[in-house]
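Assemble chain B onto chain A, guided by the hints.
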Amino acid sequence: MQSLTRLNHYFIRYWRLYVPGLLFTMISAVFAIAVPVVVRQAIDSLPKFERIYRQFEATAIEHPLYWDFFWTILIFGLVIIALSLSNGFFTFLMRQTVVVASRHIEFDIRNTLYEHLQKLSNSFYHHTKTGDVITRATSDIEQVRRYIGPAIMYITRALVIVIAAITAMLVISPTLTMYALMPLSLLAVSIFVVAQLVHKRSEALQRQYAQLTSRVQETLSGIRLVKAYARETTETQAFEQESRLYKIKMLGLARVEAAWRPVFLVVVGLSEIMVVWIGGQLVADGIITIGNVAEYIIYVALMTWPVAAFGLVISMMQRASASAERIYEVLDQDPDISDTSLTDPLIQTIDGCVTFDRVSFRYQDGLPYALEDISFQVPAGQSLAIVGRTGSGKTTLIDLICRLYEPTHGHISIDDQDLQKLPLATLRDSIGYVPQDVFLFSDTIGNNIAFGTVDATEDEILQSSLEAELHETIVEFADGLDSEVGERGVSLSGGQAQRTTIARALIRNPRILILDDALSSVDTKTENRILEHLRRRHGHHTMFLISHRISSIRGADQIIVLEQGRIAERGTHESLMESEGLYAQMYQRQLLEERLEAIQ
Amino acid sequence: MRTEKGLDGQLLKRIVGYLMPYKHWVILAFCLVLVVSFLGPLRPWLISIAIDQHIVTGELDGLYLLIYALLGAIVLEGVLGYANAYFTQWIGQQAIYDVRVRVFRHVQKQSLSFFDKTPIGRLITRTTSDVEALADVLSAGIVVIMGDMFKLLFIAAFMFSLNWVLAIVTLGVMPFMVLVTMWFKRNVRGQYRETRKQVARLNSFMQEHVTGMLIVQLFGREKVEMKRFEHINDEHQTAQLKTVFYHSIFWPAVDIIASTAIGFILWTGGVSAIGGALTVGVLIAFIQYCRQFFEPIRNLSEQFNTLQSAMAGAERIFDVLDHDQSLPDTNAQNPPTGFEGEIVFDDVWFAYKHLDDGTPDWVLRGVSFKIDRGQNAAIVGATGSGKTTIISLLMRFYDIQKGQILIDGQDIRTIRIKFLRWRIGLVLQDVFLFSGSVYRNIALDNPDISLEQVKQAAQAIGAHQFIERLPGQYHHDVRERGLSLSQGQRQLLSFVRVLAYDPDILVLDEATSSIDTETEHMIQHALERVLQGRTSLVVAHRLSTIRHADQILVLHKGVLREQGTHDDLVDSGGLYQTLYELQYREQQLMMDRTE
Chain A
549 MQSLTRLNHY FIRYWRLYVP GLLFTMISAV FAIAVPVVVR QAIDSLPKFE RIYRQFEATA
609 IEHPLYWDFF WTILIFGLVI IALSLSNGFF TFLMRQTVVV ASRHIEFDIR NTLYEHLQKL
669 SNSFYHHTKT GDVITRATSD IEQVRRYIGP AIMYITRALV IVIAAITAML VISPTLTMYA
729 LMPLSLLAVS IFVVAQLVHK RSEALQRQYA QLTSRVQETL SGIRLVKAYA RETTETQAFE
789 QESRLYKIKM LGLARVEAAW RPVFLVVVGL SEIMVVWIGG QLVADGIITI GNVAEYIIYV
849 ALMTWPVAAF GLVISMMQRA SASAERIYEV LDQDPDISDT SLTDPLIQTI DGCVTFDRVS
909 FRYQDGLPYA LEDISFQVPA GQSLAIVGRT GSGKTTLIDL ICRLYEPTHG HISIDDQDLQ
969 KLPLATLRDS IGYVPQDVFL FSDTIGNNIA FGTVDATEDE ILQSSLEAEL HETIVEFADG
1029 LDSEVGERGV SLSGGQAQRT TIARALIRNP RILILDDALS SVDTKTENRI LEHLRRRHGH
1089 HTMFLISHRI SSIRGADQII VLEQGRIAER GTHESLMESE GLYAQMYQRQ LLEERLEAIQ
Chain B
5 MRTEKGLDGQ LLKRIVGYLM PYKHWVILAF CLVLVVSFLG PLRPWLISIA IDQHIVTGEL
65 DGLYLLIYAL LGAIVLEGVL GYANAYFTQW IGQQAIYDVR VRVFRHVQKQ SLSFFDKTPI
125 GRLITRTTSD VEALADVLSA GIVVIMGDMF KLLFIAAFMF SLNWVLAIVT LGVMPFMVLV
185 TMWFKRNVRG QYRETRKQVA RLNSFMQEHV TGMLIVQLFG REKVEMKRFE HINDEHQTAQ
245 LKTVFYHSIF WPAVDIIAST AIGFILWTGG VSAIGGALTV GVLIAFIQYC RQFFEPIRNL
305 SEQFNTLQSA MAGAERIFDV LDHDQSLPDT NAQNPPTGFE GEIVFDDVWF AYKHLDDGTP
365 DWVLRGVSFK IDRGQNAAIV GATGSGKTTI ISLLMRFYDI QKGQILIDGQ DIRTIRIKFL
425 RWRIGLVLQD VFLFSGSVYR NIALDNPDIS LEQVKQAAQA IGAHQFIERL PGQYHHDVRE
485 RGLSLSQGQR QLLSFVRVLA YDPDILVLDE ATSSIDTETE HMIQHALERV LQGRTSLVVA
545 HRLSTIRHAD QILVLHKGVL REQGTHDDLV DSGGLYQTLY ELQYREQQLM MDRTE
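Chains as they are written, first to last, in the working numbering: chain A, 549 to 1148; chain B, 5 to 599.
Next up, chain A with everything else stripped away, as it sits in the complex:
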């Protein structure tokens, strides 16, 4: 429960809603509790009226007396209606304050969480699953909200009603109160037990559901294999097994869920019976009136939900506490890459000379080095191409330039300033990055291009789309720049999406341009045209280029060949061809491949 106390400052922030809210809660409870009192008085007055009426039956005052009683009883009825209207009004206000406040807090927590997520570095996202983060931002926040809103509302109202009702009942008859409350006290306990069981079992059911889903997913993904090996029967059997387990779990849940109503019913019913039985004797003994019995019956009905709420709220708080813990787990994570005391905030721009000085890097202690002893210098305005097999460390090297990770050993500097000294915002603003995995946001194509800029004009967007050879595509779209690209860019072809990411980087006019295998989905002709555009920019930015196609990197000022995290060869295209090493081999192979492609 400790994590819940960390939420207290939110209550203080919204005291303007909570204080009146709790007040309304109490007022509405008082009105609710007044109804049975009126009912009792009405019922008790009935036999009196009847007796008096009979005495004066067939006399002159019979008629006025009847109307007198008629109006009196009408007033009782109206008072009840008025009371319940007031009760209803304040209940309305109560919900509109307390529950609304909880929604505000939910809003705040979610913003805080997202803001924090934006600060966390790549390594956090590396070891945390996307689904896990999303669960925390959605269902965990919802659990917490239930505590700060409904739970608090229920418990306040419950306390007021229970205390008021018990007081009213005690005044009438301590004995009857004791008997009536005996079964009710069981309710809180049993509701708590049932709620816990339901929660536990529905979680187990959820897990089994996921299991069932992944089973289907797997069979269908591997359907070719299943069919080729005629494994349909075993797959069906396995599926039946999972379905059976699901059914069993479902029925397990049903067994406890089916208890909800009967528990209420029996407990409240027992209280009622107690009231009639013991109350009946007390009425016969003349200790209480018949109206009191009716009053008690209503009290019992009135207290049912509040008493059950005690059990429910405790269970809610438990869940909220676990959820709050999970949320704070994220919020307590310090972003491991951020500006520090070493940072010089005065550096606003860079020139773009990138130097690696004996840089080594590994993702975790104990893991082998992903990069080892890398040194190079790219003067501002020049270009460096990196080639190498998958897994040789090309992307890791790029990540280090962007300061997504800190090097384990060695130094990276830009314009002779250590990367640590550069404000993160300055560094990132100076980089135009085209990642290997195309990632677009579900927005218009224009907004996707302008993503990294402030107030880009349409001309600028079109200019960069020209350079990325995307212009013709945009013109073809019915809505032009306003065409939606769909979720993660699904409505674009692979090449179109990739060119969009190139335009997105170019529009920033970055000092450092990074193309990580950024032309893989683009055909050779378009690739050449894009490279031509880039060449015109030569000297305007430092460029890092990763590619598998030698044709696209042969013009680079420097080329390094990475092999298992180390620089195996370095030089220019000509010098590397002469040395007849790995690079030359790769080149030969690609010439052949190109010929093959040409024939097809």
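These are calculated hints, taken from the structure and not from any lab test. Every residue gets a Cβ at the ideal spot worked out from N, C-alpha and C, and that includes glycine. There may be inaccurate statements among the hints.
[Unchecked claim] In silico PhoX-like pairs for lysine-lysine, Cα to Cα no more than 25 Å straight-line: (1) B/Lys113 to B/Lys422; (2) B/Lys406 to B/Lys357; (3) B/Lys374 to B/Lys561; (4) A/Lys677 to A/Lys667; (5) B/Lys246 to B/Lys189; (6) B/Lys246 to B/Lys231; (7) B/Lys121 to B/Lys374; (8) A/Lys795 to B/Lys27; (9) B/Lys227 to B/Lys246; (10) B/Lys561 to B/Lys406; (11) A/Lys667 to B/Lys227; (12) B/Lys357 to B/Lys121; (13) B/Lys231 to B/Lys201; (14) B/Lys17 to A/Lys795; (15) B/Lys231 to A/Lys667; (16) A/Lys969 to B/Lys17; (17) A/Lys677 to B/Lys227; (18) B/Lys357 to A/Lys795; (19) B/Lys422 to B/Lys406; (20) A/Lys677 to A/Lys748; (21) B/Lys374 to B/Lys422.
[To be verified] Stretches of chain A that chain B covers, calculated by requiring three or more beta carbons in the stretch to come under 8 Å of a beta carbon on chain B: (22) 648-658; (23) 759-767; (24) 786-794; (25) 816-830; (26) 852-864; (27) 976-984.
[To be verified] So these bits of chain A aren't anywhere near chain B, every CB distance computed over 12 Å: (28) Ile895; (29) Gly958; (30) Thr1021.
Showing chain B alone in chain A's frame:
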């Protein structure tokens, strides 16, 4: 009432049809629910008698009897209510299990052309969440609706038997209750839809930005994205607050209406009590009925909604079940011992799909060839020439449009699909791994293949060593993170699998991706081992494969252009020579260099 597309009788009938195997249990559930809905309204009636005949008159002797009756009623209602709630779930889950398995079997039975066209996600939804929606109708739905209706009837009946004036007064308030409930349901349903939409927006924003956080950070967009998030979050909050508003009105309104009814009852009842026409007990009973009345009304409106959404799910499920695209299978007897292994393609024409003008988009055009028993045949050709299609057709993943495919002189359409695929071993280019152990991935849960056999096969292939080095050896979970298998190792596993299954004919789609030399050697060895003594058909990417082939089939744009051995074709100056130059020459060079 709005006309809802979902509620048509035909559909409902079909859904209810799934309950037929459990009809006796359903009848029992109906009886239970009948008793339960009678017992609830019985209690206020008993209490009224207790008050009028015993408490008011002071004759406490008979009170015990009524208390026992009340106690009995409450316990019975509790027990039967519990039994009924569980029971309806039980029936529903049995039926749902049947539906689910049926959908799964049906989907699995479909031919590959069905899977080519249908996204897997959609099929998963059909077998999981759509079936789930159906569960609501099948389990509780119908019985609960009946129960609520009975309950309303019983309450009305009891009220009329006690006092018809008060009964009419109480019932007079009920239309308001129904109206308020309907008003609420209508608004809240729209609002829920809006809320769900907002929640989905929020979730997909989260999903998108958590996945693309790198881009957000690298492009320095934190501030702008924060604003956008706040905006979405704000709209989500607005939608939620509107829902809160409807709830804030609804719950008090229900209470007000119930209390108003009580007020009216007190008044009319009180006035007639003066005349002696009404007793206190009856009055109290009516106060209780007022509260009891509301629950079934609310439940009914809820049930109606569930029914509608379930209908939508049911429609989607039936849509799948009604469109059978599975290939016709025969009941023919299997050949006694398996295949001899002679394969003949006789003027085979095949198209996956039709062009826009309705003509078939031919992938194979009149392909004919014969592979003798025990021969190794290699198919070569450029990408898209139809190589893999030939393999799929031999496995009968698809049926051909024209011509015949024969094994041992028998048309494959007259052989049982299961037998055909069992006797033909397939090794695919991209190796799919199921979750679970290495052993499971090799044996594919076939109980006839023991761990011992798998080990033997692995030894023969040369995969035993690397499997032994895995943390759990043959029980190592292949999807365990960090220790996933390399592409080469996966390929070796698929060779082990095919050897363990010991088929008569081997069909193989060689991987194009180059692997390191060591694994390359192992695969080379594995290949030779599985080809031994079997008729085989290989889509070849390896030089050694085409060199050792007894027969090479050169495919170009769906037509079989050349046929013969490597030595026959390599200097013929034809298509093969060009292909060889392009695809295999390099390997030749590499081999020369390493040697």
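Subject >> Numbers of unmet hints, in rising order >> reply: Result: hints 7, 9, 16, 18 and 26 break, sorted rising.
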